[in-house]
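Engineer: Each chain, written out:
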Amino acid sequence: MSTIGESLRNARKARGISLEQAEEDTKIRKRYLQALEEGDYDAIPGRVYAKGFLRNYARFLGLNEEEIMLEYKLLGTPARDNFNKENFENTLSKRKLNRSGRKTYMITVIVAVLAVITLGVYGYIFSNKPEVDKEGGKGPGTEQTDNENKLNDQNQGQNQNGAGEPGTEPGNVPENGGGSPANESPGGSDTPVHDQAGVKVVLDGIAEKCWARVTVDGTVIFEGDINPGDSKSFAGESLIRVRLGSAGAVEVTVNGEKVGVLGRMGEVITRDFTPAGN
Amino acid sequence: MLGLFGIFSKDMGIDLGTANSSVYMKGKGIIVNEPSVVAIQRDSGQVLAVGEEAKQMIGRTPGNIVAIRPMKDGVIADFDTTQSMLRYFITKALKKRPYLIRPRVVVCVPSGVTAVEERAVREATLQAGAREAYLIEEPMAAAIGAGLPVHEPTGNMIVDIGGGTSEVAVISLGGIVTSRSIRVAGDEMDEAIMQHIKRTYNLMVGERTSEEIKIQIGTAYPDKEVEKYEVRGRDLLSGLPKTVSITSEEVYKALSEPVSSILEAIKVTLEKTPPELAADVMDRGIIMAGGGSLLKGLDRLVSEETGMPVYVADEPLFCVAFGTGKVLENLDVLKKVLINPKKIS
Numbered sequence: 001m002s003t004i005g006e007s008l009r010n011a012r013k014a015r016g017i018s019l020e021q022a023e024e025d026t027k028i029r030k031r032y033l034q035a036l037e038e039g040d041y042d043a044i045p046g047r048v049y050a051k052g053f054l055r056n057y058a059r060f061l062g063l064n065e066e067e068i069m070l071e072y073k074l075l076g077t078p079a080r081d082n083f084n085k086e087n088f089e090n091t092l093s094k095r096k097l098n099r100s101g102r103k104t105y106m107i108t109v110i111v112a113v114l115a116v117i118t119l120g121v122y123g124y125i126f127s128n129k130p131e132v133d134k135e136g137g138k139g140p141g142t143e144q145t146d147n148e149n150k151l152n153d154q155n156q157g158q159n160q161n162g163a164g165e166p167g168t169e170p171g172n173v174p175e176n177g178g179g180s181p182a183n184e185s186p187g188g189s190d191t192p193v194h195d196q197a198g199v200k201v202v203l204d205g206i207a208e209k210c211w212a213r214v215t216v217d218g219t220v221i222f223e224g225d226i227n228p229g230d231s232k233s234f235a236g237e238s239l240i241r242v243r244l245g246s247a248g249a250v251e252v253t254v255n256g257e258k259v260g261v262l263g264r265m266g267e268v269i270t271r272d273f274t275p276a277g278n
Numbered sequence: 001m002l003g004l005f006g007i008f009s010k011d012m013g014i015d016l017g018t019a020n021s022s023v024y025m026k027g028k029g030i031i032v033n034e035p036s037v038v039a040i041q042r043d044s045g046q047v048l049a050v051g052e053e054a055k056q057m058i059g060r061t062p063g064n065i066v067a068i069r070p071m072k073d074g075v076i077a078d079f080d081t082t083q084s085m086l087r088y089f090i091t092k093a094l095k096k097r098p099y100l101i102r103p104r105v106v107v108c109v110p111s112g113v114t115a116v117e118e119r120a121v122r123e124a125t126l127q128a129g130a131r132e133a134y135l136i137e138e139p140m141a142a143a144i145g146a147g148l149p150v151h152e153p154t155g156n157m158i159v160d161i162g163g164g165t166s167e168v169a170v171i172s173l174g175g176i177v178t179s180r181s182i183r184v185a186g187d188e189m190d191e192a193i194m195q196h197i198k199r200t201y202n203l204m205v206g207e208r209t210s211e212e213i214k215i216q217i218g219t220a221y222p223d224k225e226v227e228k229y230e231v232r233g234r235d236l237l238s239g240l241p242k243t244v245s246i247t248s249e250e251v252y253k254a255l256s257e258p259v260s261s262i263l264e265a266i267k268v269t270l271e272k273t274p275p276e277l278a279a280d281v282m283d284r285g286i287i288m289a290g291g292g293s294l295l296k297g298l299d300r301l302v303s304e305e306t307g308m309p310v311y312v313a314d315e316p317l318f319c320v321a322f323g324t325g326k327v328l329e330n331l332d333v334l335k336k337v338l339i340n341p342k343k344i345s
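Read top to bottom, the protein sequences are chains A and B.
Read left to right, the first sequence gives residues 1 to 278 (the numbering used here).
Read left to right, the second sequence gives residues 1 to 345 (the numbering used here).
You may find that some hints are simply not true.
Said to hold, decoys possible - Here are the simulated EDC-like cross-link-like pairs (lysine to aspartate or glutamate), alpha carbons at most 20 Å apart as the crow flies:
1) Lys27(A) with Glu118(B)
2) Lys224(B) with Asp25(A)
3) Lys28(B) with Glu315(B)
4) Lys27(A) with Glu304(B)
5) Lys335(B) with Glu118(B)
6) Lys30(A) with Asp42(A)
7) Lys27(A) with Glu271(B)
8) Lys27(A) with Glu53(B)
9) Lys232(A) with Asp217(A)
10) Lys200(A) with Glu267(A)
11) Lys296(B) with Asp314(B)
12) Lys73(A) with Asp314(B)
13) Lys103(A) with Glu86(A)
14) Lys27(A) with Glu305(B)
15) Lys242(B) with Glu212(B)
16) Lys253(B) with Glu225(B)
17) Lys73(A) with Glu225(B)
18) Lys253(B) with Asp332(B)
19) Lys103(A) with Glu329(B)
20) Lys30(A) with Asp40(A)
21) Lys296(B) with Glu66(A)
22) Lys296(B) with Glu65(A)
23) Lys296(B) with Asp25(A)
24) Lys232(A) with Asp272(A)
25) Lys30(A) with Glu304(B)
26) Lys92(B) with Glu53(B)
27) Lys30(A) with Asp283(B)
Said to hold, decoys possible - If you anchor each label on the Cβ, the simulated ranges turn out as follows:
28) Arg15(A) with Ile215(B): 29 to 35 Å
29) Ile339(B) with Gly39(A): 39 to 45 Å
30) Asp332(B) with Lys103(A): 17 to 23 Å
31) Gly16(A) with Glu152(B): 47 to 53 Å
Worth flagging that the hints you see were computed from the coordinates, not collected in a lab.
Every residue, glycine too, gets a C-beta built ideally from N, C-alpha and C.
Work out the full structure, taking the sequences as your base and the hints as a guide.
Structural biologist: Okay, structure coming up:
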């Protein structure tokens, strides 16, 4: 079977050496020498030893050891019994493919994770800024929209009632002053139709002393402190302007409806209230 | 997170030898193989050259430059220099890329090192830029590199003759059963040749020349053919350069002393080996590795003296580096062959 084994045996016989003598001289066990000659490399414990035995034996027999070693290398490791070359190559290439696939997969995953992290960080940084702004104007902002919603509701109701007096609208605008004239003007114009005549504002001191100025229909009727527990109510026909030194310290009730605090503690705020609620 | 590091990390095994150091990079093979020499500017302590370049300078330096071999007898003799040498090797292996993720490094040490010497190697490796440093005993690395079945419950004997130390070990079940490490190896042989030439010819030759003689005509077993070699050196009497011709026979005699020390070490190790394993070794023989095993006739001599088959491993110079590389590639499996596999970082 093995050309190496045959050439070894031929070389040994040509020199007239017995296996026993070869064992004596090379110090390699007889059974291993036999295995070499028969090409039965499984009998030799490990490839390193097989190579070593082969090299020494070849040298002892005066053969070209490099040639023999090369031949042995070409021979490769002895094949297993149920070894199927095709199957092996298939699985090998598949595994190779898998491995490279796995690597790209891993890299993709890593890149994706990095991208998500980067986005997250950016998002966090940019979302922080507006949040600060919002906090500053949160109280009034939400309040205002609440009021506007209410206003709209009322407007709708009033429209159903048949508010056919657009002519008065322009006249009310200058009276309203600040705020949102477009929305407020219809409210003002609707005043007569509204069952509640005029506007009522109640200021309840809750947390601390608070300076306040209340202007009813253009005239200042109250200017001073509201202490916790104090309750002051004002009534007017079309507009009550309230200026508070510390918005968080006063609870406001407009037309019997609780609006709550208008801002934070220490915040100075000016608000207009009309019969429509704002 | 460690797994993530693993993809990018360039792990390497370093055979930090007395004479030559080689670096094995995972998946690439041996990428650096240079002499363990560092040239240093004496006044500023600045490192001028490392490796091959520095070796050229040995014995040829002006007063303010010293070319030193920081490793002596397999262990660190000069800590700072070893560290800069290691850094050079690691950087060279990484191709000067700034390493974001530092490599894991397996370094081998002689089997008989003290705890202090071991720690010095570990520290030097870490300071040279390793993320983790693992140590492995040289004979174990050599055995793995030579391809011995170290994990089997059978005795395998490995003789690793390096530059500074010779290691003899019997390995079974992934561990060293008996071992002996002597500080007689290639350097000692060079020294012996140098002394011989000095005594007989009154001629001074350098380390490089005597190493050259050893490689060219050195033999451990008396050969029928006598080779000659021209040696150039400085005559001690006249002080002038001179050329003499020495024969392999002379070199054989000069080398007999270090060689017999190595033989002695092999015999002592065999004496200490438990009988079962000794029988295995008897059966299979001895594998030799390391540059010293390339000495002509050494395998034959050992074989005759011990009565066992002896063979030199394939590429004996790189056995240790291959071994460290194999350990690296299967770090989880082979962890138990490492010394004290703890992580310092």
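Engineer: Hint by hint, say whether it matches the structure.
Structural biologist: Hint-by-hint comparison with the structure:
This hinted pair does not check out: Lys27(A) and Glu118(B) have alpha carbons roughly 38 Å apart, beyond 20 Å. For the given pair, Lys224(B) sits about 18 Å from Asp25(A) by alpha-carbon distance, which is consistent with the 20 Å threshold. The straight-line distance between the Cα atoms of Lys28(B) and Glu315(B) is roughly 17 Å, inside the 20 Å bound, and the hint therefore holds. With a C-alpha separation of about 8 Å, the suggested pair Lys27(A) and Glu304(B) falls inside the 20 Å cut-off, and the hint holds.
For the proposed pair Lys335(B) and Glu118(B), the alpha carbon gap of about 17 Å is at most 20 Å, so the pair holds. For a cut-off of 20 Å, the pair hint linking Lys30(A) to Asp42(A) stands: about 15 Å separates their Cα positions. The hinted pair formed by Lys27(A) and Glu271(B) meets the criterion: a straight-line CA distance of about 19 Å does not exceed 20 Å. With a C-alpha separation of about 44 Å, the suggested pair Lys27(A) and Glu53(B) falls outside the 20 Å cut-off, and the hint is violated.
Annotation: proposed proximity of Lys232(A) to Asp217(A) holds, straight-line Cα distance about 17 Å (limit 20 Å). Between Lys200(A) and Glu267(A) the CA atoms are separated by roughly 23 Å; this puts the pair beyond 20 Å, and the hint is violated. Between the alpha carbons of Lys296(B) and Asp314(B) the distance comes to roughly 15 Å, so the proposed pair stays at or under 20 Å and holds. Distance hint between Lys73(A) and Asp314(B) is fulfilled; the C-alpha atoms sit about 12 Å from each other, no more than 20 Å.
Proposed proximity of Lys103(A) and Glu86(A) is contradicted: the alpha carbons are some 26 Å apart, above 20 Å. For the hint linking Lys27(A) to Glu305(B), the alpha-carbon distance of about 11 Å falls within 20 Å, and the restraint holds. Proposed proximity of Lys242(B) and Glu212(B) is supported: the alpha carbons are some 17 Å apart, at most 20 Å. A hinted pair counts as satisfied when its Cα atoms are at most 20 Å apart, and Lys253(B) with Glu225(B) qualifies at roughly 15 Å.
Between Lys73(A) and Glu225(B), the direct Cα distance comes to roughly 31 Å. Violation of the 20 Å bound is thereby established for this hinted pair. Note on Lys253(B) and Asp332(B): the hinted pairing is violated, with a Cα-Cα distance of about 47 Å set against a maximum of 20 Å. For the hint pairing Lys103(A) with Glu329(B), the CA-to-CA distance comes to about 17 Å; that is within 20 Å, so the pair holds. With a C-alpha separation of about 13 Å, the suggested pairing of Lys30(A) with Asp40(A) holds against the 20 Å cut-off.
Restraint check: the Cα-Cα separation between Lys296(B) and Glu66(A) comes to about 16 Å, which is no more than 20 Å; the hinted pair holds. Restraint check: the Cα-Cα separation between Lys296(B) and Glu65(A) comes to about 16 Å, which is no more than 20 Å; the hinted pair holds. Using a Cα cut-off of 20 Å, the hinted pair Lys296(B) and Asp25(A) holds, with the two alpha carbons roughly 18 Å apart. At roughly 16 Å between alpha-carbon atoms, Lys232(A) and Asp272(A) fall within 20 Å of each other, so this suggested pair holds.
Using a Cα cut-off of 20 Å, the hinted pair Lys30(A) and Glu304(B) holds, with the two alpha carbons roughly 17 Å apart. The suggested pairing of Lys92(B) with Glu53(B) holds, with an alpha-carbon distance near 14 Å, which does not exceed 20 Å. For the given pair, Lys30(A) sits about 10 Å from Asp283(B) by alpha-carbon distance, which is consistent with the 20 Å threshold. Between Arg15(A) and Ile215(B) the beta carbon distance is about 32 Å. The supplied range of 29 to 35 Å therefore holds.
About 41 Å separates the C-beta atoms of Ile339(B) and Gly39(A), a value consistent with the hinted range of 39 to 45 Å. In this structure the supplied range 17 to 23 Å holds for Asp332(B) paired with Lys103(A), their Cβ-Cβ distance being about 19 Å. Separated by about 38 Å at the C-beta atoms, Gly16(A) and Glu152(B) break the suggested range of 47 to 53 Å.
Hint check: violations occur at hints 1, 8, 10, 13, 17, 18 and 31; the rest are consistent with the structure.
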